[in-house]
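Chemist: Residue numbers (my numbering), protein chains in the order written: chain A, 3 to 400; chain B, 3 to 400.
No lab work stands behind these hints: they were computed from the structure.
Certain hints may be false.
No distinction is drawn between identical chains; accordingly, a pair holds when it is met within one copy or between any pair of copies.
Unchecked claim - Below, simulated PhoX-like cross-link-like pairs (lysine-lysine); rule was C-alpha separation at most 25 Å, straight line:
no.: 1; residue 1: Lys88; residue 2: Lys50
no.: 2; residue 1: Lys400; residue 2: Lys182
no.: 3; residue 1: Lys53; residue 2: Lys115
no.: 4; residue 1: Lys365; residue 2: Lys333
no.: 5; residue 1: Lys351; residue 2: Lys69
no.: 6; residue 1: Lys341; residue 2: Lys69
no.: 7; residue 1: Lys50; residue 2: Lys115
no.: 8; residue 1: Lys218; residue 2: Lys65
no.: 9; residue 1: Lys182; residue 2: Lys268
no.: 10; residue 1: Lys88; residue 2: Lys115
no.: 11; residue 1: Lys88; residue 2: Lys53
no.: 12; residue 1: Lys279; residue 2: Lys372
no.: 13; residue 1: Lys372; residue 2: Lys351
no.: 14; residue 1: Lys279; residue 2: Lys268
no.: 15; residue 1: Lys341; residue 2: Lys372
no.: 16; residue 1: Lys340; residue 2: Lys365
no.: 17; residue 1: Lys372; residue 2: Lys335
2 protein chains.
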Amino acid sequence: MKKLSLTLMALLATTFSFAQQALFGGASIVSPEIHPDNTVTFRVVAPKAVKVQVTGDFLPTQKQTVKFGDNVMEMDMPGVGDLTEKDGVWEYTTPQPVAPEFYTYHFLIDGQKMIDLNNVYVNRDVSTLSSILLIGGGRSDLYKVNAVPHGTVAKRWYTQAGMTRRLSVYTPAGYENSNKRYPVFYLLHGMGGDEEAWLTQGRTAQILDNLIAQGKAEPMIVVMTNGNISQEAAPGETSDGFVPPSMNLPKTMEGSFESSFMDVVKFIDANYRTIAKKQSRAIAGLSMGGFHSKFISLNNPDSFGYVGLFSAALGVTDPTVSPIYMNEDAKLKTQFDKKPNLYWIGIGKTDFLIQANNAYRQKLDQLGYKYQYMETDGGHIWRNWRIYLTEFTPLLFK
Amino acid sequence: MKKLSLTLMALLATTFSFAQQALFGGASIVSPEIHPDNTVTFRVVAPKAVKVQVTGDFLPTQKQTVKFGDNVMEMDMPGVGDLTEKDGVWEYTTPQPVAPEFYTYHFLIDGQKMIDLNNVYVNRDVSTLSSILLIGGGRSDLYKVNAVPHGTVAKRWYTQAGMTRRLSVYTPAGYENSNKRYPVFYLLHGMGGDEEAWLTQGRTAQILDNLIAQGKAEPMIVVMTNGNISQEAAPGETSDGFVPPSMNLPKTMEGSFESSFMDVVKFIDANYRTIAKKQSRAIAGLSMGGFHSKFISLNNPDSFGYVGLFSAALGVTDPTVSPIYMNEDAKLKTQFDKKPNLYWIGIGKTDFLIQANNAYRQKLDQLGYKYQYMETDGGHIWRNWRIYLTEFTPLLFK
Chain A
3 MKKLSLTLMA LLATTFSFAQ QALFGGASIV SPEIHPDNTV TFRVVAPKAV KVQVTGDFLP
63 TQKQTVKFGD NVMEMDMPGV GDLTEKDGVW EYTTPQPVAP EFYTYHFLID GQKMIDLNNV
123 YVNRDVSTLS SILLIGGGRS DLYKVNAVPH GTVAKRWYTQ AGMTRRLSVY TPAGYENSNK
183 RYPVFYLLHG MGGDEEAWLT QGRTAQILDN LIAQGKAEPM IVVMTNGNIS QEAAPGETSD
243 GFVPPSMNLP KTMEGSFESS FMDVVKFIDA NYRTIAKKQS RAIAGLSMGG FHSKFISLNN
303 PDSFGYVGLF SAALGVTDPT VSPIYMNEDA KLKTQFDKKP NLYWIGIGKT DFLIQANNAY
363 RQKLDQLGYK YQYMETDGGH IWRNWRIYLT EFTPLLFK
Chain B
3 MKKLSLTLMA LLATTFSFAQ QALFGGASIV SPEIHPDNTV TFRVVAPKAV KVQVTGDFLP
63 TQKQTVKFGD NVMEMDMPGV GDLTEKDGVW EYTTPQPVAP EFYTYHFLID GQKMIDLNNV
123 YVNRDVSTLS SILLIGGGRS DLYKVNAVPH GTVAKRWYTQ AGMTRRLSVY TPAGYENSNK
183 RYPVFYLLHG MGGDEEAWLT QGRTAQILDN LIAQGKAEPM IVVMTNGNIS QEAAPGETSD
243 GFVPPSMNLP KTMEGSFESS FMDVVKFIDA NYRTIAKKQS RAIAGLSMGG FHSKFISLNN
303 PDSFGYVGLF SAALGVTDPT VSPIYMNEDA KLKTQFDKKP NLYWIGIGKT DFLIQANNAY
363 RQKLDQLGYK YQYMETDGGH IWRNWRIYLT EFTPLLFK
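Can you build the whole structure from these sequences, using the hints too?
Modeler: In structure tokens:
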């Protein structure tokens, strides 16, 4: 047996990361450690550091002055907690239980931002990796993988505006084993995001699995596109290779994505068992995706019965940039004369876009166009977008 | 326009990671930087560090003595390069061009292992994150996303041995738009891996896309299972939540996975347009997955026409552990009497499993059982498994 276990150890050592300390008897630390009362301890080994902090959206936000060129804005920034050191291991325990939520965080080691290397769970947001922390309970249980039937998530390529592009498709549990046709929810990301954002940061597959299993949402197909029409796919998934993700994404809000969006709908209707009609189609998006959803539904008033604007980037585009943005009032009249099944707006109280959203709602109110509205705490953050997804989805296709 | 661009800037700043230095005018560094001659520069900001090194499989390996309890083994470990510091930025440029390959690497900052935070591309191998470096050219071009038709990759749930489990399925470009039936290749990971390993570290989707586009491989479905039968899915994708991935994976090599494997085959045949017969089915795996492939094909001699053992973990199991492992000689006779289309063995010259593989080949030779054999440089590493995949796949279903 000695020979046997030696070979198995070697197998482990080489197949696993062989430099991993834990394998060779080195001390391994646990971070984050979620205690039974939902306080959380963060730990990091940094024997030579002078100052170590943790920052993330689990901490109360703090106002910070941010400069954009000559302009100065007050913005809500995540708070910072100070770690204390003992024998080279720095530690911070939250003074209070952390509320149920899906969070991201970083360490600041002598000012250098880094992820928690004892936590292998990371999300990429454009060019930043963040460590993940999920505290279960309440709405947050919808963000967890639970023991319920799971849908399938596929990454698939199609053609839009003549270009080969990638999208993500969620098909609900049972889709493959029936001849049933399903309604379709088009779910769009924000500026800088891509076809993976709603799955990783938005927890869409988990939310849909759980809402459907609880009978709160209809079984539906969810299509997550890449809204950067000049980009074939998410960073690292393109023929560019592993180049640094660019913050310079041209053609995001100049009409090209919106004007070619029915290519996506045609592709999905041709390739999935959809109910290809207006009252079985929803479109919603966050920030830039809310802007896209507004104009796609506005220009295709017979195509989308349900429209959701999540912290929508309203009031940011010069209407003369594209015919897509022109004649808004006449198009709105057509859209609302045709009575959408649902027009839904959600935004955070401290979102910097709340004024633009209030102005838009005022306009809808004045014109007598009906919509549902949800206002939440906080700003332009994923926490709100996950909330809006969990609130909007149960209203669809009823 | 000032108001407009300010709003857009704020959009960017909040939707993007707002603490990202680059956004607010801080210096941003590029790492890794691949120069035109394929030398590579690695950079890291660490103003207070005393010693900074880079380690990865792009550097020549070095022998290192590794202790397993009382046992001592000489193992090939990745080399280490020393970075030099200027103004707090550490830098290392490879003295030679780096050969085309898909590499992983880390920094060692005063001995602390960390990923390259200027490189958002990371792979997870069980409990270790590594930064990625892809040098194109030669075989390595098969690992890139190229401008060729792309297959679909789906994460899907099924039932095996009564348990809900997750697998990855690659369907080739055109699958969804035809009524054609396709052969199926079951591709199994090594110890500690999961249903994502062949996609992330193995570059399977890219390799298949490219080989099929070049006419070198037949269009086929590739099914990547999770070989840890006690685990429902990859870490983070289970109802356990985001717990630290365990190195303690019970039931990996005691027969349960192998004896229930036909559940997978039945599921795939029932849910995909497969050619459900032996000469249209292949099974191969790396390390533990090679071990699994050997015994699954051995116990199902009418099911798999093509068998691939990539650095297979042979000679590690007590045959009395499971009926699956018993009567090997009689089962081998049956398997080879039925003339498999291909029995393929690949291993690295310095793999610690080469003796066990040589012993197995000697046995096959003595019994007159035909197989193809490939011996490569290097040890028990992903570079070899990608090579074997690119060599084995073109031989299938011809």
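Chemist: Where does the structure disagree with the numbered hints, that is, which hint numbers, in rising order?
Modeler: 6, 8
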